[in-house]
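**Student:** Sequence:
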Amino acid sequence: MGTLTGLTENHRHWAKYCEIDRILREHGWVAPRDHPDLRNQLSYLQRRRILVPLCPGFLVSADTVDDVDLRIRVLQAWHPDGVLMGAAAARVSFDPDIEVQQIVMATTTKRRAPRGTRLIRWDVPDDHVHTTRGMRHTSPALTAIDLSRHDNGAAIDTALRVGATRLRDLRDALKDTRYRLGNPVRRAMIHDSRDLPWSQSERRTHGLLRDAGLTGWETNQRVSLPHGRHGFIDISFAEYRIAIEVDGYGFHGESESREQFETDRFKQSSLVAQGWVVLRFTWRQLVDHPDWVIAMVRQTLASRRRGGYALAA
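Under this note's numbering, the first residue of the sequence shown carries the number 11, and numbering increases by one thereafter.
A portion of the hints provided could be inaccurate.
What the hints assert, rightly or not - Each pair of labels, with its calculated beta carbon distance range: (1) Thr142 to Ser234: 29 to 37 Å; (2) Gly192 to Asp136: 20 to 28 Å; (3) Ala198 to Ser53: 47 to 55 Å; (4) Arg121 to Cys28: 28 to 36 Å; (5) Pro135 to Asn50: 40 to 48 Å; (6) Gln56 to Phe276: 50 to 58 Å; (7) Arg59 to His160: 30 to 38 Å; (8) Leu224 to Thr119: 47 to 55 Å; (9) Gln295 to Arg32: 39 to 47 Å; (10) Pro66 to Leu235: 48 to 56 Å.
Hints were generated in silico from the structure; no laboratory data involved. Backbone N, C-alpha and C define an ideal beta-carbon position, used for all residues, glycine too.
Work out the full structure: start from the sequences and follow the hints.
**Tutor:** Spelled out as C-alpha cells, the structure:
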C-alpha cells in the first residue's frame, strides 16, 4: 500500500496527514469526496505530487501509481458496475501472474477511460459476471476464450490446468456470446483445446500427434507415486506405459522452478521404476525438430509392440 513520503512532523495539521496515511495504508487510495475535512491537506499533497490522481476522484501515493493490482482495484471502485475483462479479469480470478498491458472493463454507460485503461460498451451476460474479492469480472471461461484471440490459447491452458474452467464451459461461453467479432478465432482455439492442454508446450505436442495420425493417447493421466503422492503425465499411451513429458523452458514464462524441477524428476524416476518408458521433449525440440519428436514416439511404440508389451497382455 502507498504511504506518504516527503513530510515531517513540522507540517501543520500533522494529525490530518496521519489520517490520510492511515487511509492509504488501509485502502491504497483516498477519495477526496469522502473526506471533506481533509480537503486542504489533500490539495497540498497533490500540488507537491505526493499524491496523484489515478481515476477521477481517486488519489494514490505517487510511488504506487504503477502498481497494476492497485490500478485494477481503483478502477473498480471508480466504476463499481463495470466488469473487468481480458488480462485484468484473468489476474483477478485464475492467473495472478499474468501481465496486464492495459486494463479493460466492460460498461453499459458512456464514460471517459482513465489513463492506461480501455472501456468497452458491452452488457456482459449475467451468467458470465463473477465477483472475486469485491471485483466484478468476466467468468474464467469467457476470459480465457477472449484472451485466446491473441495469446494462442495460453489463458485457456492456464484456466484448464488450475481447474478454473472446463472444456464445456468454454463452449458454453462462446455460445452465450454468439455474434461477437472474433468468434471464429475463439471457436478454432476451443477446438484446438479438445485434448485439454495445460501449457503451450502440451498444446503444440497435441497438434503434432494429431497431425501425425497417432491415436491411443490421453492427456493429464493421474498416476500414483511413492510416499502417498500422485502426479499427472502430460501425455500417455497408457496401454504401452509410454509417458511423454514436455518442458516449457524458454517460452512465455514456462521456465521451471527448482521445486518443479525436483518434483518432475521424482515423478520420472517413479514412473520408470513402475515400468514406464518416459520420453521428454523441450519446447525447442517441438518447434525446431517436430519430425524427430514424432519419430521418437513412433520408434518407442514400435519397440513396445515388438516386445509384446501391453497392459492387457
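**Student:** Next, verify each hint and record whether it holds.
**Tutor:** Now the hints, each set against the structure:
The hinted window of 29 to 37 Å between threonine 142 and serine 234 holds, with their beta carbons roughly 34 Å apart. In this structure the supplied range 20 to 28 Å holds for glycine 192 paired with aspartate 136, their Cβ-Cβ distance being about 22 Å. Roughly 54 Å separates the CB atoms of alanine 198 and serine 53, a value that falls within the hinted 47 to 55 Å. Evaluation of the 28 to 36 Å hint for arginine 121 and cysteine 28 yields a pass: the beta carbon distance comes to about 34 Å.
With their beta carbons about 46 Å apart, proline 135 and asparagine 50 fall inside the hinted range of 40 to 48 Å. Between glutamine 56 and phenylalanine 276 the Cβ separation comes to about 56 Å, which falls inside the hinted range of 50 to 58 Å. A hinted range of 30 to 38 Å for the beta carbons of arginine 59 and histidine 160 is consistent with their spacing of about 35 Å. Checking the proposed 47 to 55 Å range against leucine 224 and threonine 119 shows it holds: the Cβ atoms sit about 53 Å from each other.
For glutamine 295 and arginine 32, the Cβ-Cβ distance of about 56 Å falls outside the hinted range of 39 to 47 Å, so the restraint is violated. Against the hinted window of 48 to 56 Å, the Cβ-Cβ separation of proline 66 and leucine 235 comes to about 55 Å, which satisfies the hint.
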